[in-house]
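J.: Make a model of the complete structure from these sequences and hints.
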Amino acid sequence: MILTSALIFTTGCFALALLMNLWRVVSAPGVPDRILALDTMVINFIAILVLYGIIEGTAVYFEASILIAMVGFISTVAYARFMLRGNIIE
Amino acid sequence: MSADMALWQEIVLAVFLVTAGIFGLVGSFGLIKLPDPMTRLHAPTKATTLGVGGVLIASMLYFFFAKGHLSFHELMITLFLFLTAPITAHFLAKANLHTDVNRDAVPPPAGDRPWAGFESDEARRIAEDKASKGA
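Going down the list, the protein sequences come from chains A and B.
As numbered in our numbering, residues 1 to 90 make up the first sequence, in order.
As numbered in our numbering, residues 1001 to 1135 make up the second sequence, in order.
Just so you know, the hints here were simulated from the structure itself, not pulled from any lab data.
Just so you know, these numbers come straight off a predicted model, no measurement behind them.
One thing to keep in mind: the hints can contain errors.
Partner residues aside, some chain A positions facing chain B, computed with beta carbon under 8 Å [said to hold, decoys possible]:
1. 25
2. 33
3. 46
4. 64
5. 66
6. 75
Idealized CB from N, CA, C, for every residue including glycine.
T.: Structural data, given as structure tokens:
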């Protein structure tokens, strides 16, 4: 009972955080802010994926969250590098 | 979810989960609320370390309590996030430095070369060539 309520609360918190990030992506003043908001979205999505793994009681979603973490890191670095150098691989 | 868990185990898991949820929310709220780009860089680190870290510790403990064996996949995600977060922050700080900071407003460095972050590649190459020839 306690665990179910805590899981619902935490999932709600991270879902709200994702909505805030989405709003930030749409309405941020500059490009670095949008990249930061997208990076935070990836982080929050990893948390939600792990929570879904606990709710379903399977360990399948950890592999998925590792993949999401890697893709998120690579894409953030690629965006930031494109901003800085105008090029990704020189 | 399995319901055959002692009360103290559920309480421990709930504490980790609720802490993680609050920190995740605070991180994203700070991203909206904080006033300038360099301070906004600080907010999501809370979501990265304590938010995701808390959820992953709770998940580790859950599978330990429910299935009886400790899994270390979660530590891999935590390790990966802890390794990559500083790199991301460094790149975004450099991007901010080049878009938002007024170069004439920062105090000048000692010597006749500009700050390393603002020096172009060609200028740096010329200056280093000159320094190596002089030495």
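J.: Does each hint hold? Answer for all of them.
T.: Verification of the hints:
Contact between residue 25 of chain A and chain B, as hinted, is not supported at the beta carbon level, the nearest pair being about 10 Å apart and thus beyond 8 Å. Below 8 Å, beta-carbon pairs count as interface contacts, and residue 33 of chain A has one with chain B at about 6 Å; its hint therefore holds. With 8 Å as the threshold, the beta carbon of residue 46 of chain A comes within range of chain B, its nearest partner Cβ sitting at about 6 Å, so the hint holds. The interface hint given for residue 64 of chain A is broken, as the beta carbon of that residue sits about 11 Å from the closest beta carbon of chain B, more than 8 Å.
Interface restraint check: residue 66 of chain A against chain B, minimum CB-CB distance 6 Å, threshold 8 Å, status holds. Evaluation of the residue 75 of chain A hint against chain B yields a violated restraint, the C-beta minimum of about 10 Å exceeding 8 Å.
Comparing the model with each earlier hint shows violations of hints 1, 4, 6; every other hint is respected.
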